[in-house]
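The listed protein sequences derive, respectively, from chains A and B.
For the first sequence, my numbering assigns the number 126 to the initial residue and increments by one for each residue that follows.
For the second sequence, my numbering assigns the number 126 to the initial residue and increments by one for each residue that follows.
Keep in mind that the hints were calculated from the coordinates and are not lab data.
Cβ atoms here follow ideal geometry from the backbone N, Cα and C, with glycine treated the same way.
Be a bit skeptical, because a hint or two may be false.
What the hints assert, rightly or not - Okay, the calculated bits of chain A under chain B, using three or more residues with CB under 8 angstroms as the criterion: (1) 326 to 336; (2) 922 to 933; (3) 954 to 963.
Number of protein chains: 2
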Amino acid sequence: MEKYVYGFGSGKSDGRADMKNLLGGKGANLAEMSNLGIPVPAGFTITTDVCTYYYQNDNTYPDELKDQVLAALKTTEEAMGAKFGDVENPLLISVRSGARQSMPGMMETVLNVGLNSKTIEALIKKTDNARFVYDAYRRLITMYADVVMEKAAGVDPEEGKGIRFQLEEIMEEMKTEKGYTNDSDLEVDDLKKLVQLFKSKIEETLGKKFPDDPYDQLWGGISAVFSSWNGKRAIAYRRIEGIPDEWGTAVNVQSMVYGNMGDSSATGVAFTRNPATGENLFYGEWLINAQGEDVVAGIRTPNPLNIKNKTEETKDSVSLEEAIPDAYTQLFEIRNKLESHYKDMQDVEFTIQEGRLWMLQTRTGKRNGPAAVKMAVDMADEGLIHIKTALSRVKPSQLDELLHDMLDPNEEKKSKELAKGLPAGPGGASGQIVLTADDAEAWKKDGKKVVLVRNETSPEDVHGMHAAEAILTATGGMTSHAALVARGWGKCCIVGCGALNIDLKKKEISIGDLTVKEGDWISLNGSSGRVYLGDVKTIKPNMKKNKEYSQLMEWADTYRRLGVRTNADSPADAQQAIEFGAEGIGLTRTEHMFFGDDRIVAMRKMILADNLEDREKALGELLPYQREDFYGILKAMKDKPVTIRTLDPPLHEFLPHEEDAQKIVAEQMGVSVDEIRQKVENLHEFNPMLGHRGCRLGVTYPEITRMQAQAIIEAACQLTKEGYKVYPEIMIPLIGTRAELAHQRKVVVEIAEKVIKDMGQKVNYLVGTMIEIPRAAITADQVAEEADFFSFGTNDLTQMAFGYSRDDAAKFLPEFYDKKILPEDPFQSIDREGVGQLVKMGVEKGRATKPDLKIGICGEHGGDPSSVEFCHQIGLDYVSCSPYRVPIARLAAAQAVLSEK
Amino acid sequence: MEKYVYGFGSGKSDGRADMKNLLGGKGANLAEMSNLGIPVPAGFTITTDVCTYYYQNDNTYPDELKDQVLAALKTTEEAMGAKFGDVENPLLISVRSGARQSMPGMMETVLNVGLNSKTIEALIKKTDNARFVYDAYRRLITMYADVVMEKAAGVDPEEGKGIRFQLEEIMEEMKTEKGYTNDSDLEVDDLKKLVQLFKSKIEETLGKKFPDDPYDQLWGGISAVFSSWNGKRAIAYRRIEGIPDEWGTAVNVQSMVYGNMGDSSATGVAFTRNPATGENLFYGEWLINAQGEDVVAGIRTPNPLNIKNKTEETKDSVSLEEAIPDAYTQLFEIRNKLESHYKDMQDVEFTIQEGRLWMLQTRTGKRNGPAAVKMAVDMADEGLIHIKTALSRVKPSQLDELLHDMLDPNEEKKSKELAKGLPAGPGGASGQIVLTADDAEAWKKDGKKVVLVRNETSPEDVHGMHAAEAILTATGGMTSHAALVARGWGKCCIVGCGALNIDLKKKEISIGDLTVKEGDWISLNGSSGRVYLGDVKTIKPNMKKNKEYSQLMEWADTYRRLGVRTNADSPADAQQAIEFGAEGIGLTRTEHMFFGDDRIVAMRKMILADNLEDREKALGELLPYQREDFYGILKAMKDKPVTIRTLDPPLHEFLPHEEDAQKIVAEQMGVSVDEIRQKVENLHEFNPMLGHRGCRLGVTYPEITRMQAQAIIEAACQLTKEGYKVYPEIMIPLIGTRAELAHQRKVVVEIAEKVIKDMGQKVNYLVGTMIEIPRAAITADQVAEEADFFSFGTNDLTQMAFGYSRDDAAKFLPEFYDKKILPEDPFQSIDREGVGQLVKMGVEKGRATKPDLKIGICGEHGGDPSSVEFCHQIGLDYVSCSPYRVPIARLAAAQAVLSEK
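Extracted from the complex, chain A is given alone in its bound form (with noise of 0.2 angstroms):
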């Protein structure tokens, strides 16, 4: 006979810890508190295969099941020394849900469960508290009608027409007719009566009397349950949490244990060590005579748990510790007990009945990131847990916290939001919106806190986000320009937030049917995506002083087997990057350096040449700028290799599209605006992302990769002069055929071996390309034989793969996740099944032709942890991150090691 029911709380239980996905994590833990000797009120778990079987059959149980819960039944009554239903010493109990992964308030409870017309006699009787009594039947009645009896009834009310409502209405006219304001103001006839009310108003809505026998109300609480799994919150939630429809809720059935019996009960929650700080300090709060819910709803202010608990504003609260010492050193000790029998941070419910310590819950406690980092690093340090636990506690993810400035929680919580949309760049910031790059540059010089809002952002805006303490765009997606480059310096973006609506000539943004102005204050939460109005207070992290990171990091560095590069494209975020711990940088984009006041006039002076020999003279002014680039990038990189992409984006890009901007130029350079023009829809094209760009320019221009190589190799070797050892990586990108890098490697070498000889110095180079076209790892076998090394470039790779331009497809994604075709962004988290093929097999095809390849990544997969444990099991050498996220993939990598079998 298959076993439904187990049973807890009275000697030995049936479940354990690990049976989670049978008895729910509730459940389970009950259980598993119960067979370590820690006080639990007697009860027992249906399983999560009952609620298979019901929606299976059709709303109905399995035969065995019945005698199974009366036998269990029977077993708790003997362990609470009371009896179900019994007139003179009745037992009540509760019915919950508990699904393997906690869904809080997403399913049905019904609480005071056996009282009836005449138990509640027994009751008064027993505790001589009839108003405490009449409070919990009114409870029960208002809770099961709603939970239980409508649902049954196929009632489904406008919101808040209900029968709750109308239960709550009437104690509402009975509560003013008596002048009352409070619920506690009601005395025991009152409530007597309402009761009569409540049942004569059930029978008049529902057309069915409120159950008076116990066992009808047990079984309609256990089909409220299970019915409740396929409720529309729950399967909402579901759906959020990528929670399986096919898992089911347990039901737990449980002795009832009041804290509101008078000054010698009361209840809390507790964590076993402080869930937002870390520290090893037992931590919670408590309420005197009081239910649980009363904790959890914040009617009451709690008290602290203990003497150390107290703040400032809490000093002269009294503490459980000092109010009910027995209990609190009977909790201390099941605390203790608790985690070192978890060997993890525990979060409790407890409830003290007329001084008797129950345990209602036990589970593993969430915690922040800082405090994640702290009580991994100690408790294995304390020796509880080790190294590699500590490893896997951290989610890489939670690092977020300790690395950027993030919005106050209580803050956050209370303040208004305006929009929701990509969480591009993590951390928090507040500032005034500014709707353009040259305001955001000019308000900042006059020393004004700024957020640049716009549709998208583009090469000519970068001093703009610069000066900006935060990003915030309309369009565009993870890998938009925006998200790039804020990722890149750690700063707060927010992309693809499709509810802005900009007005650049009325200096305001309509959201919906708000507007907000510029120099008005917003604040970003880029983790969240989140926009909010008004100025929301941020809170410091400081990295550098938390030792328990440095050693989680040390950690990680010793089990890691992966690299970890940097994507940065200036000496100061190579220094930035080095701190964060990077072994090299994975990609420097060479063209954010056209954009200098001087630079750009000669990058435009370039483009505007029509023949060889102007494009050249345009290309030697601007040689000594990139020489000095990458001399100060490579100086500051020391002795680590330092990958440099040659020219990547299409040349209009440097050139201005607006009519009054194209004016400005067209006077520098001395040339007509329709020259200006003119060059420009010449440059104009359909797509660009499948345009004329990346080694495409550098085979129509060798002359532009020639003077790169050329100021790459010059720097090189000067430093090698000044007696600094340098490993420049020459980059080609957008690399498809083998071909197209044997001419660009061509071209790389001529000059580069002709500086060397001419200066006379000895450097090591490499010329390798990156793999972002399709059908350069389809045939990466043969352009291998080109290359020293591959990076694959998986932003460009997953828009290609997939034919979603990463500008636009955040138009119409977000509505690809809600309708299950994608499980999440692909330019976030790499498409293990699809692009990941194409690196899977770029990498095998490219070791096939050179078995000592080296390889990495330097899209922005490079920093997200689920991309960077496919890279490790891939056999890539090395990931490449913006500065921020370096120390996401050193944990990431070493968790990676870890989850290996």
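Once you've looked at the hints, dock chain B against the given chain A.
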């Protein structure tokens, strides 16, 4: 000892026709003819190995060469009964190049080698024709100075300033002085004097004497030929024709024979069958008392070879058959011998020296398309060749000449070429220039023939494209909108003609310095991409009456395994394609159907709708139109399968982008211009090719897919009711993930089953997908689970695998071909190594899931012979192409079978 020299013409030759790689085409065939007992002036061939040696060894020869040449020369002397350099009976020889593949005019030739101050007298005595001999001497000196001496001196004069020019100037001066008009007016004494003047000039200019030693002349000639293999012209030619540099040339040294030794001498060229019509008639031209070059150069008008060759214009000319009947009879016998030996039409050169016939060359003759078809079928019917050989004799592309109007080649030769673009739609056409689609339609209504010239075309231009005789665009590649539409209609079209500068305001086009205006006539050769000024006459083929064509196609069908379907968007296209032999429709693009007058209004209503209800209402208006379309196409195709693709292009394509047009639409629809403008802006994408289109629209707006599926199945049910058998195949475009296809499949199947039930008919329909996104190919095993069939959309697959926008890449791809980075346009012929591997992967993975999965291709590659071969090799079930390419695909599919080992 290695053999470097192969003799011919004196008994059994050393070489054979199949030794072309070693002896070059000319030398191998001279040897072969000689072996057949055909009279060939004796001589020998120096092998291509010597050329290779020459370039690998610093322009020197193998040691053995000299002796072998002298030995061969001796044999030649014996055969011809004359002696090289002999003062009594001197032998004169020619030194010519002869590569594996003909490179006409690209390398050097020296004739009359062996004439010097001593042999000249003997020859005069022997021929009794001093003028003839001095003229030969004058020619030798000029030629030798030019091709041997000037090159050897390292002089590189400006074009038209070299030694040849200087010598010709001397001759012109003399002619002026003497009052002569023609070279032939020069008398013996004049020529004697000229020879002296030439020799002096040569010594003065080049610092060396003209060699008097015949052996110096011989070796100088041999060196000149080998050197010319790496001349600029030859290298450029090889680049264009794809001839490898390492092949090298052979050198043919051959006894001179002269057709200009009086009225019993003659020279001519002939084809064993008529190369213009394919008729089995000996065809050729000859000149009495002339040298070969006179026929080729067109200085004198040659006569018809025989009586049957005579035309109205040449009826009074004397044929060789009449003039020298013995020689003609011998020639005719040789013609028969050559055809029965080579089993193909031969192109021969002959000379008759004083009544004696000598064959100078035979090679497989070039022929046009109709002739190729006729010859192949005739020869098979005659039993000369096997049907398989007949099938491989016709290049599939030659069929174009039977299917389209072509420019008259004679007229074309004389016309002024304006510019060159990509040959997007084959055939020829002329018309008056119009610059807008509306004008094209209006002018056509006025009875004019027009050519529509645009920067690029869009669906809004389709009515004008239809009205035009031909289409010419400045931008775009082989799969641009203009190219696709034109090819679908079999219309002449040239795209990507970058030299055009269209000025819409002035209504004119400038091409370099030249300006042509609206209304001017131009002519297009859509097979070569050439644009001519003026009204060039066209030739109309009549494919239907061509019984050899029908026979060839019938044979092709018996051999091919691949099915051939067509891409057709209307019943008329479908009907046309059936006539061409299409076995079904592989692609119906439904979007073209939305541009009708009433339809576009409904379509725009649908796009402007901001809620489901309005959208469904607008779709309801489109439904009857769509049903009617599908009814027509399904009926036209009768019992053949019809693949219908659901909506593919981005919605913005259905809205006007120019303000004036927006105003009109706004009025039509009763909305504000702002609303239209706003919608167009909202729909704007940076890279529309990677944007919100294909199944992404169907996922966002399932109601569109539903309407289309409903229309298809309703039409199918109606036809079934009427007694037709129909096989609709509903194809979902742009699938990247299995989930997308599952989503769309569900939408289709739900409505289809409903319609089938409601209409009470049984209809077999399939639901499949385009594989055009790289990810779909990579995950084809998953996608196949939801697909009844695959159809590779290799246009988009090529775009995304290479990362080339087909609308933009034409700007830089030509340079890629020049630089040998790409062998050819991957949009025209499938890139087997890259894109082809994706297709192969898709086939293998798809069939791994469903072994019987029906797989086709519906990109433009479906009509490209090389791509058809590839499709055959990887096991596709069918190819689908535009109607006019169906015969090409049928033949290519048969050839693919025949080229298998």
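Here is what the structure says about each hint:
With 0 residues bearing a CB less than 8 angstroms from a CB of chain B, the segment 326 to 336 of chain A misses the requirement of three and the coverage assertion fails. With a cut-off of 8 angstroms between beta carbons, the segment 922 to 933 of chain A has 9 residues touching chain B; three or more are needed, and the interface restraint holds. A stretch counts as covered by a chain when three or more of its residues have a beta carbon under 8 angstroms from one of that chain; for the segment 954 to 963 of chain A and chain B the count is 6, and the coverage holds.
Checked against the numbered hints given earlier, the structure breaks only hint 1 and satisfies all the rest.
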